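**Q** Here is how the chains run, residue by residue.
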Amino acid sequence: MNNHEPFLFRFKKQVVGPSRAVLDEKISYDYEKDMMLSFEDGKWIYAIDGAEERKTKKCDVEKGEDQKDGRIWH
Amino acid sequence: MILILSNKYDLSVDYVVRLLSKKGKKFLRINTESLLNSKVSVSFPRFNYKIERRCSCFDLADKFKSVWFRRPGKPFEFDDQEKLPGPSVVAFVENQWHAFIEGLKSISNLFWVNNPDDNHTTENKILQLNMAQRIGLRIPKTCITNDKGEALQFLKDCDGEIVAKALYLPLIEEDKADYFIFANVVDTIENVPEHEFRLAPTIFQEHLRDKKDYRLTIIGDRCFSVEVVRESVKGTITDWRIIKEGIRFRPCELPSDVVAKCVELVKAFGLTFGAIDLVQTLDDYYFLEINPNGEWAWLQKEAKLPIAESLVNVLTQGGLEA
Chain A
1 MNNHEPFLFR FKKQVVGPSR AVLDEKISYD YEKDMMLSFE DGKWIYAIDG AEERKTKKCD
61 VEKGEDQKDG RIWH
Chain B
1 MILILSNKYD LSVDYVVRLL SKKGKKFLRI NTESLLNSKV SVSFPRFNYK IERRCSCFDL
61 ADKFKSVWFR RPGKPFEFDD QEKLPGPSVV AFVENQWHAF IEGLKSISNL FWVNNPDDNH
121 TTENKILQLN MAQRIGLRIP KTCITNDKGE ALQFLKDCDG EIVAKALYLP LIEEDKADYF
181 IFANVVDTIE NVPEHEFRLA PTIFQEHLRD KKDYRLTIIG DRCFSVEVVR ESVKGTITDW
241 RIIKEGIRFR PCELPSDVVA KCVELVKAFG LTFGAIDLVQ TLDDYYFLEI NPNGEWAWLQ
301 KEAKLPIAES LVNVLTQGGL EA
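Respectively, the protein sequence lines represent chains A and B.
Residue numbering for the first sequence follows the numbering used here, starting at 1 and increasing by one per position.
Residue numbering for the second sequence follows the numbering used here, starting at 1 and increasing by one per position.
In case anyone wonders, no lab produced these hints; they're calculated from the structure.
Fair warning: this is a prediction, and the values are worked out from it, not measured in the lab.
Even for Gly, the Cβ is constructed at its ideal location relative to N, Cα and C.
Hints may contain errors.
[Stated by the list, open to error] With a straight-line Cα cutoff of 25 Å, these simulated SDA-like cross-link-like pairs (lysine to any residue) come out:
no., chain 1, residue 1, chain 2, residue 2
1, B, K212, B, V163
2, A, K13, B, Y168
3, B, K267, B, R134
4, A, K13, B, K63
5, A, K13, B, K267
6, A, K33, B, E302
7, A, K33, B, K63
8, A, K43, B, W298
9, B, K125, B, I172
10, B, K65, B, Q317
11, B, K261, B, I135
[What the hints assert, rightly or not] Here are a few chain B residues that sit away from chain A, every Cβ distance over 10 Å (derived from the structure):
no., residue
12, L11
13, D14
14, K25
15, F92
16, R138
17, K212
18, E231
19, D283
[Claimed, not checked] Incomplete in silico selection of chain A near chain B, CB under 7 Å:
no., residue
20, Q14
21, V22
22, D34
23, L37
24, I45
With the sequences and hints as input, model every part of the structure.
**A** What follows is the structure, encoded as structure tokens:
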């Protein structure tokens with residue numbers, strides 16, 4: 001906290017923001033299907049069907065948190 | 001034909017893509033971070049909006065009736081950050097592609113889910129609260145101010161406990177870490193220096209106690225409601241988004257008048273899609289906020305809500321469901 005921070009900065013909690021998110025290397029984009037695939041139990045399946053909870057670039061506050069992308073672009 | 005604008009890591013899109021493929025509907029998914037690898041052109045006087053992708057050429061000004069504006073990726077977004085051109089080049093390239101995508105708004109008769117201009121307008125929380133109140137949704141007593149005196153008086157008026165949250169984008173990106181400002185309960189601000197308030201307006205709202213949280217995902221006239229259930233969390237949680245474990249989303253029915261007003265709110269902003277947070281106290285339902293491009297795939301998967309199906313319907317119809 002310094003003398004030049006707004007009041008709400010007192011409540012800031014550390015998260016992994018979209019620009020710092022590590023991309024999931026276990027999934028791979030299939031350009032024919034236009035979907036992400038993941039390799040599980042020896043075979044490629046749709047990532048959305050996988051057992052693991054996939055994180056998107058919005059990373060660790062994914063559920064319900066919608067404003068990390070701000071104005072999407074600008 | 002349907003145009004989908006997003007990024008390749010947007011798994012929400014995958015639910016819709018799979019359904020469109022199953023139904024044999026024609027679509028074009030453009031992961032906009034990859035546009036640099038495509039050839040594009042816009043020409044006049046005969047208006048063309050062409051994109052050549054993997055040996056196929058598409059004229060976006062022709063035969064496309066719907067656009068799903070999800071989460072377009074930026075150029076270089078997923079590239080090796082150490083191999084990028086300089087920041088000025090990155091910014092310049094981003095701006096040019098942004099204008100190219102924005103130009104899609106000039107194509108007539110396209111049905112947007114949602115139009116980015118409407119998304120942008122809706123993201124303003126003051127507009128949200130004002131519109132919700134005009135429609136008849138109850139909202140918490142609210143004071144948005146940078147004046148410590150006003151905040152102190154509001155705290156007193158609310159029996160010594162209020163919620164403080166950001167008026168806009170609550171993400172703070174610093175050199176070494178990122179931070180987020182969730183909603184916080186505040187019971188004393190006497191000792192906070194006045195200049196901290198002056199720096200930026202803050203939303204202060206009455207603290208709604210003993211509440212239930214709901215997320216409504218609205219697509220046209222359809223509403224998918226879930227109650228946020230805290231299975232292993234004791235006490236009242238001010239902001240359920242903070243909780244990582246022990247939280248479930250249970251499909252539920254809300255009073256028809258509340259749902260109707262939420263549907264009206266989405267339409268009032270010119271949106272087809274909107275995600276609304278409501279809370280229920282002992283006496284009423286309160287509107288908290290709407291996100292015009294809210295996430296929903298976690299509800300599709302966990303609560304088995306057919307949100308993707310509903311999106312596919314509006315996109316293939318090129319308008320709202322009858």
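**Q** Would the hint on D34/A be counted as holding, given a Cβ-Cβ threshold of 7 Å to chain B?
**A** Hint on D34/A: holds, closest Cβ of chain B at ~4 Å, below 7 Å.
**Q** Mind verifying the non-interface call on E231/B? Its CB should be farther than 10 Å from each CB in chain A.
**A** 14 Å, holds
**Q** If we take the beta carbon of R138/B, is the closest beta carbon in chain A still more than 10 Å away?
**A** 21 Å, holds
**Q** So, L37/A near chain B? Judge it on the closest CB pair being under 7 Å.
**A** 10 Å, violated
**Q** Does the structure keep K212/B and V163/B at a Cα separation of 25 Å or less?
**A** 16 Å, holds
**Q** Verify this label for me: L11/B is non-interface relative to chain A, using a Cβ-Cβ cutoff of 10 Å.
**A** 6 Å, violated
**Q** Can we confirm that no CB of chain A comes within 10 Å of the CB of F92/B?
**A** 14 Å, holds
**Q** Straight-line Cα separation of K33/A and K63/B no greater than 25 Å?
**A** Roughly 21 Å separates the two Cα atoms, so the pair holds.
**Q** Far enough from chain A: is every CB of that chain over 10 Å from the CB of K25/B?
**A** 13 Å, holds
**Q** Taken at face value, is the distance from the CA of Y168/B to the CA of K13/A at most 25 Å?
**A** 16 Å, holds
**Q** Between K267/B and R134/B, does the CA-CA distance stay at or below 25 Å?
**A** At roughly 13 Å apart (the allowed maximum being 25 Å), R134/B and K267/B satisfy the hint.
**Q** Between the alpha carbons of K13/A and K267/B, is the straight-line distance 25 Å or under?
**A** 34 Å, violated
The structure fails hints 4, 5, 12, 13, 21, 23, 24 (numbered hints given earlier, in ascending order).
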